[in-house]
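Participant: Residue numbers (my numbering), protein chains in the order written: chain C, 1 to 378; chain F, 379 to 578.
A few of these clues could be false.
[As the list claims (entries may be wrong)] Below, a list of computed lysine-lysine pairs in the DSSO-like style, where the Cα atoms sit at most 27 angstroms apart:
| id | chain 1 | residue 1 | chain 2 | residue 2 |
| --- | --- | --- | --- | --- |
| 1 | F | K435 | C | K120 |
| 2 | C | K257 | C | K144 |
| 3 | C | K291 | F | K564 |
| 4 | C | K246 | C | K120 |
| 5 | C | K291 | F | K572 |
| 6 | F | K435 | C | K190 |
If you're looking for bench data, these hints aren't it; they were derived computationally from the structure. Only a predicted model underlies this, so the values are computations on that prediction, with no experimental measurement involved.
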Amino acid sequence: MTPRENFWKAVNHEEPERLPIFWGGTNSSIVPSHYDALCEYLGVSDHKKGLGDFGVVNLHPEIKAQLHSDVELLLMGAPRRKRLENGLVQDGMWGFLLKDVGGFRTHPDQIAPLRQARTKDDIEAHPIWPNPDDASYYYGQKEKALDFYDSGRIVLGEASYAGAPFFIYPWLRGVDQWMMDPYSDPELYKYLAQKITDLSAVVLEHWLELVGPYLDILCFYDDIAMQTGPMVSLDHYRRWILPYEKKLTDIAKRLTKARLSIHCCGSCYDLLPGFIEAGYDILNPVQTRAKNMQARRLKANYGDRLVFYGGVDVQRLLPFGSVDEVRQGVKDLIKVLGAGGGLLFATSHNIESDTPMENIVALFETAYEFGRYPLRID
Amino acid sequence: MIDVDAARAGAEVRKLLDDGVDPFAIIENGIMQGMEAVGQRFEAGSYFLPQLLLAAKAVAACSALIKPLLTADQHRSRGIIVVGTVAGDIHDLGKNLVISTMESGGFRVIDAGVDVPLEEFAEIVRKEQADILALSALLTTTMVRMEEIIQALRADPAFRRVKVMVGGAPVDQSYADRIGADAYGKNALEALYKARELIS
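In isolation and in its complexed conformation, chain F is listed as follows:
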């Protein structure tokens, strides 16, 4: 994971599974810690976007092998999170990094895609019985959609339990506070930590 090599990470996971190691332990002790180390190197300035993206690819390669082996309970244990970019915005680089980081952290992640309208978010959250909705926006003109979504969810008792996280270049903690978000992640790794806090 730390060498951001998808092929080697995948081969390593396959070997562990063949040796009978518990799939959930591989997530907890291998992939998640690897992704954490990558995220820390990114924060420290020794890794850059290419390395993050390659790490995300490695997570995807490992997850593809592990996911089918998880029990329903294991799949649920960390929580279910829906991630998407709000309407009018097609930026998905940051969103995709959040998705693989959350996956590396053992969350079951549903990718809602880009340019997602409120009704669609609500529908996916309802259908998947999600614990968290994570919203991404890269434009000052589209980040206002986040507030609309939060207000709509708060007004509906069916979503009483659902936490909302926000992120993206124009968003910061004070904006997140103002629009009533439950958490703000300044990058993918912080988003993972905050998501864990929300669930615990």
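If we strip away everything but chain C, and leave its shape as in the complex, we get:
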């Protein structure tokens, strides 16, 4: 079977020949600051600088081959960012501000550009909104998608910041106000959430008209959970988030047969019914160390309705575990989440900069070694 054939078996909850290994999504890669070291460790010297806000999006094909990756990332294009005089970087699509802190590119609440907004006019006065006719979103995308499709590998589509309305809201307004606005200023919340969603929808639609037929999986992003539980109640999700996301998933379902994935870190167990209602089929990154997110519990209660993309703990196991512990952790995960298909093997977020190289190699070697169906794991 090709990687694509394995993928479709797995997402249809059937046993593939091989467990799909997802290394290369924006949230299932490695942080840029650790990428050089990995390339050096694996003997690849002609790599480019690792690019990406979260994980490296331009992984060298040789690195992917060595780590048995089955995916090709089709990341939507974006208008150029601008470095401002004060050292901050201004996003070209939405105008949110980025700051480099401690090797990370961050979006500090303290400098969110709409932090002080009180009225719809204040929102409209924000200078940068997406122009759906901007060619930088779409340039070369169809050709790339076709190439990936022809390779037989899994085409992982990410509409970047046209697929993440509730990344954009807090980046423009601050996480704290995103949480409070529905209660303290519901009209302002609705106006901004709708504006972000409507503009995202047009860009997403144009992009999917070009690449939709070639995608296997399309990833959207949320981040509404903490280590200990969801940030908001399921009722809050249904009322204040789901209607906006549904507009985007409806467009996706019309323009592509790809399965839809939702990225939500942390303990999102209580929100899973909402994610299913919103039209998502796949959960990422499956942070199994978070409360209520144990592999067994997820598989037993949602294994028939959701596919799991992720799962290997990056908070403790990968950075601080021994090679043997990593191997055992990987085997345990595959045994539980991979039973009968339904698992797209990946880390529960990007591999962090404090992760030993031996552990990274052990992670993927073990997945490759024990990812052959029927599973034989004691």
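For chain C, the structure is supplied; the task is to place chain F on it using the hints.
Facilitator: Just chain F now, kept in the frame of chain C:
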């Protein structure tokens, strides 16, 4: 407080002050108990982050009215605590919740901000004569800064009396024990309880 309504809480406090109620009693019997109830609802799963943040806003609204009326002794009585996020880390949501919860508990709280280097923490603790330093980190890569800070403070006799608390998503009790922290709070309310224990 329990309805997490800043405007109403503020109006209520103003009325009590106008009626001549002791400001410190308002903290002890009103704001602190309200914040405790909010924290308990959060732990029980009926309140979520929006309600915690709205409650924090209510605390801030009340504190702004009460603080100027407290005597120096009253201000000191619970203790002085410096709260900040360690270097390389800009996460401040949890830190800000700890700040308002500590304020609701009558502590005098100094917000050191985010991405704070060791030297700056030391300087603020020294200047404010703080009883407690509370450190926050949200990344496995930055939580190691906590250990460095604790070691540096322990090595300096000037900070002999200062207790150090730690918290944040990747931190737990065993990590706190390993790096020699005096206390770990798994959430803002627990941090308040632990801070009280450290002071008493």
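Participant: Tell me the numbers of any earlier hints that the structure contravenes, in ascending order.
Facilitator: When the structure is compared with the hints, none of them turns out to be violated.
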